[in-house]
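The primary structure of each chain is shown beneath.
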Amino acid sequence: MNIFVCIKQVPDTETKITPNGDGTYIETSSIKWIMNPYDEFAVEQALLTKQANSGSTVTVVRVGGVKDTEALRTALAMGADDAILVESDDNLDSFMTAKALKGAIEKSGKTADVIFTGKQAIDDDCLQVPQLLAGMLNIPSVSVVVGCEEAGGAFTLKREVEGGALEVYEVKSPALIACNKGLNTPRYASLPGIMKAKRKPLAQHSLADVGVSDADRRVKYSNFQLPPEKPAGKKFEAMDEAVQASVVAEVVGLLRNEAKVI
Amino acid sequence: MVNFDLSSEQKEIKEMAMKFAKNEMMPKAGEFDESGKMPMDILTKAWELGLVNTCIPPEFGGTGFTTLDSMIITEALAYGCLGMNTTLMANDLALLPIALGGNNEQKKRFLTPFTESYKIASFCLTEPGNGSDAAGLKTTIKEDGDHYVINGQKMWITNAGYADLFVIYCTTDPELKHKGISCIVLDDKNVAGLEIGAKEKKMGHRSSDTRAVTFTNVRIPKENLIGNLGDGWNLAKMTLDHSRPMVAASAVGGAQCALDHAVKYAKERVQFNKPIAGHQAIQLMIADMAMNVEASRLLVHKAAWLLDQGKSNTELASYAKAFAADKFMEVATDAVQIFGGYGYSNEYPVEKIMRDAKLIQIYEGTSQIQRLVIAKEIFSRS
Amino acid sequence: MAKVLVFTEVTSDNVKSVTYEILGKLAGNDVDVAAVGQVPAGAVSELAKYGAANVHSLKGDNLDKYSPEGYANALKEFIGNGGYDYVFAGSTSLAKDLFPRLSGMFDAGMASEVTNFTMDGGTFAGTRPLFAGKCLAKVEIEGPKPHFVTVRPNALGMPSSESPAAGNAADASVAAGEIRAAIKEIIKGASEKLDLTEANIIVSGGRAMKEASNFKILDELADAIGATVGASRAAVDSGYAPHSMQVGQTGKTVAPSLYIACGISGAIQHLAGMRTSKCIVAINTDPDAPIFTKADYGIVGDLFQIVPILTEELKKIM
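Line by line, the protein sequences are chains A, B and C. Residue numbers are given in the numbering used here: position 127 of the first sequence equals residue 127, and the series is strictly consecutive. Residue numbers are given in the numbering used here: position 218 of the second sequence equals residue 218, and the series is strictly consecutive. Residue numbers are given in the numbering used here: position 13 of the third sequence equals residue 13, and the series is strictly consecutive.
What you were told as hints is all true, and nothing was included just to trick you.
With a cut-off of at most 20 Å between alpha-carbon atoms, the simulated EDC-like pairs for lysine to aspartate or glutamate come out as follows:
id, chain 1, residue 1, chain 2, residue 2
1, A, K158, C, D64
2, A, K32, B, D260
3, A, K181, C, E198
4, B, K108, B, D187
Just a few of them, taken from the derived set where beta-carbon distance is under 7 Å, the chain C residues facing chain A:
id, residue
5, M110
6, S112
7, A132
8, E140
9, G143
10, E185
11, V300
What the hints contain is simulated information worked out from the structure, not anything from laboratory work. The C-beta atom is built at its ideal place from N, Cα and C for all residues, glycine as well.
Kindly generate the complete structure, drawing on both the sequences and the hints.
As structure tokens, then:
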């Protein structure tokens, strides 16, 4: 099987995020970059699928800046066979990213039997690339996958939806599977794996090489700002039975309309 | 000129080791400190991921790390838990004499099995009556046909209760002091005459197994002698050039952990209407702690770099060990201070780190011995 | 003024409420609503009140269950014939999966999960959170039309006034086309509660719970809102709850959207475990309890009286 995994490099979850001077993006100078956490589940599932199908290879693909290639090397250290980087320093939108990934996969010369991705990237939280990519390659996709069984290229996938319910899909390869937390336990890259990773092939392309240009941009961001400060805490007296019902009703209303947590 | 950056590979190694330390070691550190049990699952997992036995050369199954790579790994494991790190690090302390002075047949016979499954080793130098005065050790080695016979007692031996391999420093004649010392490997823990003592109850590193070991006419085949009779002291010195920076690296990891805890707490704890991070008394302490951790790290890295360049590093190794250990004790004490009453409780992680820090000033050459080594090096130059 | 289609999903007797939130914001534009399946008559008249000119029920074979390809093929045809500038939907599980594929079929752009938007001069401009909500940004779409937008439920709020439109109900025939990934079965929501460290809503009890059996009232509250129940160290030490439920320095560290602390004083050890909760509600009889300095909404009252009232009130709105 030719297995592909698409990964993204994103700011670490603990990183402080601040808008840059002109509000066109965030300050990136002191950011610690990590592999998008959801993509770790994708890499792990790709490796498990490889282990179950002898003779398979795992190719990991990333669209992003050249200065940090750690995420690709981590995937190689975990056990992927080779990597493809499409260089781009811009903040590409989902459409351009999907098109670049499609171009990179096609340029590899291998037909993808299955493509694993994370269900979303934790920087822009758009949740579009997996489905866009599948559509562009004309293959079926299933997202938010928390269960994956495979035999002879036929997948049985559990997709998590509202209310904690699970939709069980059956799909034959080629297919794209967007992974959610809980699908598996991503392995650590072993230290010998990290040392071996530098000898594995890493192909590099430009956006133009994979057929993507500025004309492909569809979404434009501006005016980055911090969210409004949380209002000061509100305290309500409710020792008196007479006011308890109205206090509770008011708090529930605030939870729904002000805090928006229910 | 010198490059202070880690290579991108070293950054990945550090990141992976820290991830292991934070996810696997830190959550369990308090539990194993309290129970005093060996955390076999965690130790075995560390081995599976290649974090252990970093001194084994690639020709014998090792990964091929530089000395600096080893320091980075040790610092991260110590950040996770000093006790667990001592258990893992003790393997290198024991295997280094073999890696540095053994012949190829010995390296294959002793080192390679450590790359095939998780095995544990003990390094036996200290005795009940000889700690700092290591050259005065009394355990004897005598020839008997095609064996050597070992008699004596060792004390404070890390991993003794679990070791598959013992590397023993012994003497043909105590009067000869360092000239009489030899180094021999015992790879049969069921040999007659080997007695492992009870587990010692310690202030810190409590999950690490420490015991007395007694040898009564223990017979070891001659082919287990490393080098020749009388080569032991030089082997020990060569080993210390590697192991002292490694122990210093563990002090750096422990100190960094204590500092990180203190910084986080100082931002959260409010007194006199502001977080204590806003009070100068705390700011001054944190600044000193941070400077000392970074200075310790730089000494460790230079001591390791010298070895990787093929240069002598004995003096720097002692600088690193003495400085890092002493500063770790200060940093850990200050961390408890910053936590105040809560720091004194075992609900919070810093009291354990303070108890763990003390040992680093003692083992692998006390802070006082390190200073004598340094002074000797300096004065011998003029 | 823009020509807009709002895609909705049918519930037992209505359509998803986020649809009304979106209609409210689209007042003044030429708006149609469409769903796969039959839109109930009652919903049609409601939708008309809030601006739906036409309400289409899309019907065809193999569309009784969701499938990414089936719904995308069906909608592509329908949208293509309608000449829409924009296609909106609430960012439900279904729409989050459907809309990216659908937008790709039109080579068009999509703005995901906006929390607000304007349609000045018939042109969309939205606000959306990025970096897990640590940052907000303005988002605009360019390129081929129609443009696609999903909207976070509960972010806009229900419309405050009506803007009546014709509300013509009509069926439309659509084709699912080839479906390669199909649902074989649906497994209903598991009854086991999420682990504390994963839970989105947590209800915790403290020393004031007085007995283990009193945690029952917290279980009832938790059931009403799909929460997991936790406990403070004081409650665990007193034997009211097992250690596995403990939140705090020596227990679990949690980060839910909503944390309801019942009879918990807010000692520093407890705060260490839950301080990054997005929203904290505290119920305590002591107005000086430290927890009130961290709570977004504090209720000074007896939890044994307040919690049951809270459970009933929440059941009403969930």
